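Participant: Residue numbering for the sequence shown follows my numbering, beginning at 384 and increasing consecutively.
Note that these hints are calculated values from the structure, not bench results.
Treat the numbers as computed from the prediction; the structure is a model and nothing was measured.
Quick reminder that beta carbons are idealized off the backbone N, C-alpha and C, glycines included.
A few of these clues could be false.
DEER-style ranges, computed between Cβ atoms [stated by the list, open to error]: (1) 809 <-> 483: 18 to 24 Å; (2) 824 <-> 1056: 48 to 54 Å; (3) 876 <-> 810: 19 to 25 Å; (4) 865 <-> 1037: 44 to 50 Å; (5) 968 <-> 759: 25 to 31 Å; (6) 687 <-> 865: 36 to 42 Å; (7) 708 <-> 939: 47 to 53 Å.
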Amino acid sequence: MKSRMSLSGTLAVYAVASLFPFRAFAGPALPVTKPPVAPLNWTGPAPDPLALQGQWFSYPDEREVVCTNEFHDNIIAAGGGLADSGAISGYVSTLFLDDVGNLTNFCILATIFNDTGPTVEPWADGYNSHGESLQSQTPQEPVVMQETRLVAEFAIRDVNWLPRQFTGPYRLSAPFIEAVNEDLAAWYCWCPDMPNPPPGFQAGNYFVPAWDFGTIPPGQSATRELRFEIPAGLPPSDPRFSALLLSFDMQTDILLNRTTSLKISTWIDDPAPDTGYAYPEEPLRGSDASVFFNLVTETAPDSWKWRQPPNLSETGMDVACLKEDPVLLADDFLCTTNTTITNIVVWGSWLYDELPLDPLGAGSPSNVVFTLSFHADIPAGGAATWSMPGAPLWVGTFGPGEYDVRVEAAQIVEGWYEPATSNYLPAADWTCWRYTFPVDITRAFVQTGTVDHPIVYWLDVQAKPIEEIPSARFGWKTTPTHWNDDACWAPATEPYSGIWWEMRYPDNHPWVPESIDLAFMLFGGPAPEEPEWDFGDAPDLSVAGSPWNYPTRLATNGARHQIDPTGPWLGAPPDPLGLPDAETDGQPDINALGDDNNGYDDENGVQFPSFPPMVAGQSPIIHVLVSDGAGVGGTVDAWFDWNGDGDWNDPGEQVLAASWMGVGFNPVAIAIPANATNGWIFARFRISRRGGLTLAVAAPSGTFLGKTYARLRYP
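Just need the whole structure built from these sequences, with the hints factored in.
Facilitator: Have a look at this one:
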């Protein structure tokens, strides 16, 4: 009698060797949609009801995703072909029988082997019951299968969602085989023509269970355990019982893929043994499992801005980066486009494939909190002979549910490196995980480099499992792509601005002592809107009759501030938001009224006493009016040209240096030198969040707004 095996435990995606001693080439990867396509039923969601884009899937959160390519188990020659049981395979690994011998639960260990590549025969014409037709295909080169999904067509997701009629896949109907651990649902039909279905039937959105298998490179495989239950029990008299029991006893392939049709179709409701026979003629040709994926080439999607792919060979390794040690890792990249970074991809592994636990003791690659950050660059020769991250510019924390994680590759052999101890393990993990961190554009990091003025930034990564156990250690994957300088590490946590140490391959590694670089990819979002700037209006030599030459215009790198409703700024202009008006350049004027006369008068941020007059050698009180969209305030820097020589560079001419002022009027005493020049004096005031601004140049972060104030007369 078969033993009863528990179905409890933690699921994991992992790699295994081929389950079978034979393996041939699968057919080439086929595009799911090949116009003209004329389906007889709707098989996709509202945005694509005819499923012209491919096979559609639905996640529990109602996210709809599509796969554009289908993967088959066979080479198809004209009139048929030989089966290949190695490309899509699976056997029953666990059975659970009740007291009367009915089958109530079982597991299938399913493997997808990516053996895409050139074939000697083209694909023959295909057919399915929805009317899509597949034309002959030319051979293809090996491809990367990304977002690979396996569909079990012999099962249902839930008894509350049944097909409107049992003409296939479920000719036998009850007792139903229900999936237990599926990740998402594959669309089969959408039936809007049935507004009043009979009891037990739904009017549309009929799904079957599907599982994510991640990314599978050519020549590699991924394996998952698929779990099922039969609440009513499957009796020994049911032919499905015999097929499942045979697979359990003999470990024979139970996943049959025998169709060249596009999308899910021509189903068989039995889990059918794959005995390797050739394709039968229609209508007997069918499948109990299908595999779909999205095609990825080495060029990657158009939207990525920087890409350093993971090294998945035996020379690849993972570098520990954990918060409790702590170890913080960073690698540099070049920005040539002013844009936001809205997606960050990091590849890595867990030491000995031991996944972090949740509070209940279940292991999962998502039981971890990541801290990601972008830093400025300190070039080599600055703090050390190697370049390293400088000041942190952006820091983000991502917990479970705030990122996507999937298998990038399995059945690999990778090394492990501890930078703090220089300890290197040549074979320490076997699964590469791809973590994708979406960033809302409202809080995304804005990189400001251009082709003419590129900027080097650093991406920093650190992981913290939610349950701190010493054995669950995350490592950032290395890449064979080298750019600029070595990756760095520091015994620190964010925010960090100290010394970093460069990383090179350790002793006993084939690439010792070459530079270590780390695997990541950055995606750019919409380019930030062109900023608006507020310039000054002190006179320069371009103004007729001016003996002064203050830095005002863009050509002389004049002071300018990016207009930002989050503030701070000086004054209360008559703009609906109280913001200063914008200019494309400085407005030099002999009376420093250029900005006042351009647009609306927004030069009311500093008020000087009219009586008694300002006198040399005294300290009159002025009032600085601060506005701030965030309601915080800012720091003010100010200069007076006391000697009237046309600049603010002389000793004693900076009267305020990073002086903090709150929102509203701020009284300030100004000490006028006893030797100040009698007559008209020009002053410049600048406000910012951080202070320490200089006389000129831009304050581009969006949190700085400032003014140049008009000449002042001292009797």
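Participant: If any of the earlier hints don't hold here, list their numbers in rising order.
Facilitator: Hint check: 1, 3, 6 fail, others pass.
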